[in-house]
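**Q** Residue-level listing of the chains:
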Amino acid sequence: MDSTVTLRVNDQRQIVTTDSQRTLLEILREDLHLLGTHFGCGAGDCGACTVHIDGQRAFACQTTAADADGKSITTIEGLAPNGRLHALQQAFMDEGAYQCGYCVSGMIMAAVALLDKNPHPTDAQIRAGMNPNLCRCCGYVKIVSAVRRAASAAEALPSLGR
Amino acid sequence: MNPITNTLDCQSKIKPHVTRRRFLQSLGAGLMIAVGASPVLAQEAPQPRRSGRNRGGFGGAPVKIAARVHIAQDGSITVMTGKVECGQGARAEITLAAAEELRVQPDQIRLIMGDTTLCPDDGGTYGSMTTPRTIPTVRTGCAAARQALAAIACQKLNVKPDDLQFKDGKIACAGQQLSYGDLVSDSLDKAFSQLPSPGVTVTAVADWKVLGNPYLRPDRRDLVDGTHVYPSDIVRPGMLYGKILRPPSYGTTLTSIDPSAVKAMGGVRMVHDGDFVGVAAPSTFRAQQAIDALAKTAVWQTVPHLSSKDLYDHLKQNAQGGIPSNPYADDLPKAAAAVRQEYHVAYIQHAPLEPRTATAEWTGGKLTVWTGTQNPFGVRGELERAFNLPADSVRVIVPDFGGGFGGKHAGDPAIEAARLAQNLATPVRILWTREEEFTWAYFRPAAVILAEAALDASGAISNWYFVNINSGPQAVESPYRAGQHHTAFVPSDPPLRQSSYRALAATANNFAREVFIDELATAAKIDPLQFRLMNLDNARLKNILRTAADKFGWNNDAGKKLPNTGIGIACGTEKGSCLATCAAVSVDEKTKAISVTRVTQAFDCGPIHNPTGLLSQVQGAIVMGLGAALREEIRFENGAITNSNFGDYAPPRFADLPEIDVQLIDNRTIAAAGAGETPIIGIAPAVANAVYNATGKRIRQMPIRLTI
Chain A
1 MDSTVTLRVN
11 DQRQIVTTDS
21 QRTLLEILRE
31 DLHLLGTHFG
41 CGAGDCGACT
51 VHIDGQRAFA
61 CQTTAADADG
71 KSITTIEGLA
81 PNGRLHALQQ
91 AFMDEGAYQC
101 GYCVSGMIMA
111 AVALLDKNPH
121 PTDAQIRAGM
131 NPNLCRCCGY
141 VKIVSAVRRA
151 ASAAEALPSL
161 GR
Chain B
1 MNPITNTLDC
11 QSKIKPHVTR
21 RRFLQSLGAG
31 LMIAVGASPV
41 LAQEAPQPRR
51 SGRNRGGFGG
61 APVKIAARVH
71 IAQDGSITVM
81 TGKVECGQGA
91 RAEITLAAAE
101 ELRVQPDQIR
111 LIMGDTTLCP
121 DDGGTYGSMT
131 TPRTIPTVRT
141 GCAAARQALA
151 AIACQKLNVK
161 PDDLQFKDGK
171 IACAGQQLSY
181 GDLVSDSLDK
191 AFSQLPSPGV
201 TVTAVADWKV
211 LGNPYLRPDR
221 RDLVDGTHVY
231 PSDIVRPGML
241 YGKILRPPSY
251 GTTLTSIDPS
261 AVKAMGGVRM
271 VHDGDFVGVA
281 APSTFRAQQA
291 IDALAKTAVW
301 QTVPHLSSKD
311 LYDHLKQNAQ
321 GGIPSNPYAD
331 DLPKAAAAVR
341 QEYHVAYIQH
351 APLEPRTATA
361 EWTGGKLTVW
371 TGTQNPFGVR
381 GELERAFNLP
391 ADSVRVIVPD
401 FGGGFGGKHA
411 GDPAIEAARL
421 AQNLATPVRI
431 LWTREEEFTW
441 AYFRPAAVIL
451 AEAALDASGA
461 ISNWYFVNIN
471 SGPQAVESPY
481 RAGQHHTAFV
491 PSDPPLRQSS
501 YRALAATANN
511 FAREVFIDEL
521 ATAAKIDPLQ
531 FRLMNLDNAR
541 LKNILRTAAD
551 KFGWNNDAGK
561 KLPNTGIGIA
571 CGTEKGSCLA
581 TCAAVSVDEK
591 TKAISVTRVT
601 QAFDCGPIHN
611 PTGLLSQVQG
621 AIVMGLGAAL
631 REEIRFENGA
641 ITNSNFGDYA
651 PPRFADLPEI
661 DVQLIDNRTI
671 AAAGAGETPI
681 IGIAPAVANA
691 VYNATGKRIR
701 QMPIRLTI
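These protein sequence lines map, in sequence, to chains A and B.
Each residue of the first sequence is one higher than the one before, counting from 1 in my numbering.
Each residue of the second sequence is one higher than the one before, counting from 1 in my numbering.
Hints are supplied without guarantee of correctness; some may be wrong.
[As the list claims (entries may be wrong)] Part of the chain A face toward chain B, derived, beta carbon under 7 Å:
1) I15
2) C41
3) C46
4) I53
5) D54
6) K71
7) S72
8) P81
9) C103
10) D123
11) R136
These are calculated hints, taken from the structure and not from any lab test.
The beta-carbon is built from N, C-alpha and C at its ideal position, and this holds for glycine as well.
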């Protein structure tokens with residue numbers, strides 16, 4: 001049944017008329033054309049669709065339109081609003097922490113949430129925190145290095161303004 | 001200098017059925033380009049077109065310079081290849097090769113990949129062939145282009161070729177300077193219309209200035225800011241989202257279906273043609289609802305189908321021509337030591353993170369498909385056959401896609417999308433679900449491997465028998481010296497759809513052989529490293545073994561083993577590269593769960609083209625191989641896959657990550673070999689051997705488990 005939901009996506013108000021059980025992932029990709037958030041499994045097993053909802057990391061494929069109504073959502077496209085890469089985007093790029101890159105948006109969103117909670121994690125904490133996200137190219141070594149690099153960057157991480 | 005990004009952008013801005021000539025005219029600063037505009041080039045097909053089923057094939061045929069390189073009047077350089085990028089690093093590697101020969105910085109090269117209209121057919125992206133076959137072709141084409149530029153510069157400046165200095169797309173001599181764009185002319189055009197002359201030489205390894213240096217993928221920024229366009233991101237005007245009705249199990253056929261269930265659904269359109277039932281709708285959600293409704297009405301004719309518990313017996317019983325007997329069987333009882341064993345390797349899935357996907361669009365009887373495939377020219381052929389289309393009416397475009405691993409050779413989603421798009425007269429995108437991936441994509445073949453050998457009193461192998469049933473002949477030949485040897489691959493009756501996987505059957509054959517070698521070493525009471533070294537002749541492989549063992553601390557660790565921990569070693573050679581892997585494991589005393597704590601892998605694939613990309617490939621292969629070693633296994637019952645999701649299939653995660661030390665050998669004495677596959681074949685046997693060292697139990701199956 002179609003209903004109207006109001007979302008704040010990357011600081012822009014969006015009113016979407018859609019079936020209330022449709023996923024946030026589909027709304028982002030098919031209605032709002034924010035294609036940086038990816039479909040990997042549809043079951044919350046891989047993290048390719050990781051976004052932030054009211055500042056908390058979430059699987060967009062496990063979030064319905066009804067769940068997202070009224071919430072503030074940040075996607076990968078919202079991390080560098082002025083074209084200046086977020087410290088984690090920069091670290092992933094400089095570290096070469098990608099192979100096919102399909103997991104990278106979700107990895108970066110998960111890592112931003114991780115460092116928000118724990119700005120200086122140990123490697124073990126990085127692994128534990130990133131564990132919900134899957135990289136099928138299995139580039140975990142460089143991803144851990146990228147998160148470590150961003151965490152140890154001298155300047156504080158730019159806030160997402162929450 | 002900014003990297004050139006959004007290569008797809010420049011391809012997708014043009015109409016799907018643009019000609020190659022018109023495309024080349026659009027390059028550079030939007031000017032008419034002498035090179036592209038000439039009648040000679042306009043008549044030129046990008047590659048010699050072969051007929052038959054095997055287009056795509058292995059590539060490597062020389063192409064005219066103009067099919068490989070384009071120089072625009074503004075000096076911008078475009079290089080074209082039929083190879084594709086799916087995370088294995090071909091875009092960076094080919095960019096480096098072209099930059100090396102054209103004497104420019106890598107970020108000055110725009111590389112167009114995997115477009116059957118714009119690019120030469122360099123063969124499918126499989127078999128680790130980009131490095132040994134495509135790189136030389138690209139280098140030769142670019143070197144020939146540089147020589148043509150030099151010849152014209154010499155005329156213009158009235159100097160000799162040896163006096164010219166090339167730098168970053170400019171040619172200087174005696175205070176004068178020309179850019180490549182300045183040399184665009186009818187003469188250059190004529191030179192580019194030729195094949196590279198046989199006298200063209202590429203830059204010697206010792207003189208490399210670009211190749212051999214670390215280089216990050218040129219579209220790296222797009223990957224981190226979310227703007228990279230994957231095949232599943234293609235959007236076309238009026239595009240609908242398609243879904244296909246799948247049977248509930250293997251071998252099932254459709255008896256009947258009631259379409260009235262979807263007729264009332266707004267915006268849903270259905271195509272029903274024999275066993276093919278598909279829908280398309282303005283959203284994936286609506287298309288899925290429609291398919292779910294149809295599935296409830298579908299009546300299927302099922303057939304009995306094998307279950308995974310009976311898999312290995314089935315493969316042995318159905319070995320074609322029977323299982324060959326061991327010609328040395330009578331010698332085994334007389335030998336100083338003899339071992340006979342049987343090894344099992346499970347079906348596994350590639351499970352690339354981006355599922356199979358395609359977007360199809362018909363325009364005036366011509367078809368354009370954007371899809372993630374390792375074989376664009378092969379998929380073009382599949383589409384021509386499926387729709388009975390004349391040559392040159394199908395264009396396949398492959399944006400850099402989300403993982404292949406040998407799993408994306410076929411054109412299934414391309415055909416599905418094209419079928420819906422043709423019937424509904426509007427563009428359609430297909431994106432498989434994870435369950436479809438785990439069920440209807442093809443699998444790495446399961447294997448039964450029989451190994452028997454006899455040793456003499458010194459520990460030398462006097463005879464060797466090794467037979468692979470069902471999975472393939474790759475790396476079935478042993479690198480170990482044996483007095484007599486008999487190896488064979490015997491096809492069987494596979495119960496699941498099976499095909500390539502990263503390194504093909506080398507994963508299975510090397511697992512079985514390297515565990516078997518460990519068993520022989522145990523029988524001979526010789527250290528596994530020493531046993532390997534004394535029975536190998538291949539100096540490169542022995543060197544790699546010593547490197548890995550030394551860096552791992554093989555001899556240091558051997559004497560001071562802690563309870564429930566162990567170390568193992570394995571080596572192998574395949575597709576021209578050599579590797580050795582050492583692994584340390586710990587085993588939980590209660591649960592018997594195996595943790596791999598530390599891995600050292602040494603790898604030699606000849607001269608290293610891009611150390612950054614190679615390191616990623618080797619690290620990734622080790623961890624991916626760990627999945628197949630410890631957990632990955634397709635389970636099926638009565639023809640239905642019972643673990644068709646990431647949760648149950650359990651691929652490697654961060655939590656599985658051991659401490660990894662990779663030793664890359666930049667061996668400049670030989671030709672470069674590919675590196676996307678072989679680095680995966682060492683980890684599983686090293687782990688199995690380490691588990692034996694830890695527990696005294698030999699595990700002769702992949703996945704390696706101490707519990708049932």
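**Q** Determine for every hint whether it applies to the structure shown.
**A** Verification of the hints:
1. I15: violated (17 Å)
2. C41: holds (4 Å)
3. C46: holds (5 Å)
4. I53: violated (17 Å)
5. D54: violated (20 Å)
6. K71: For K71/A, the interface hint is violated, since the closest Cβ of chain B sits about 19 Å away, which is over 7 Å.
7. S72: violated (18 Å)
8. P81: violated (11 Å)
9. C103: Constraint on C103/A satisfied, holds at 5 Å.
10. D123: Result: violated, 9 Å to nearest chain B Cβ.
11. R136: holds (4 Å)
Hint compliance for this structure: hints 1, 4, 5, 6, 7, 8, 10 are not met, and every other hint is.
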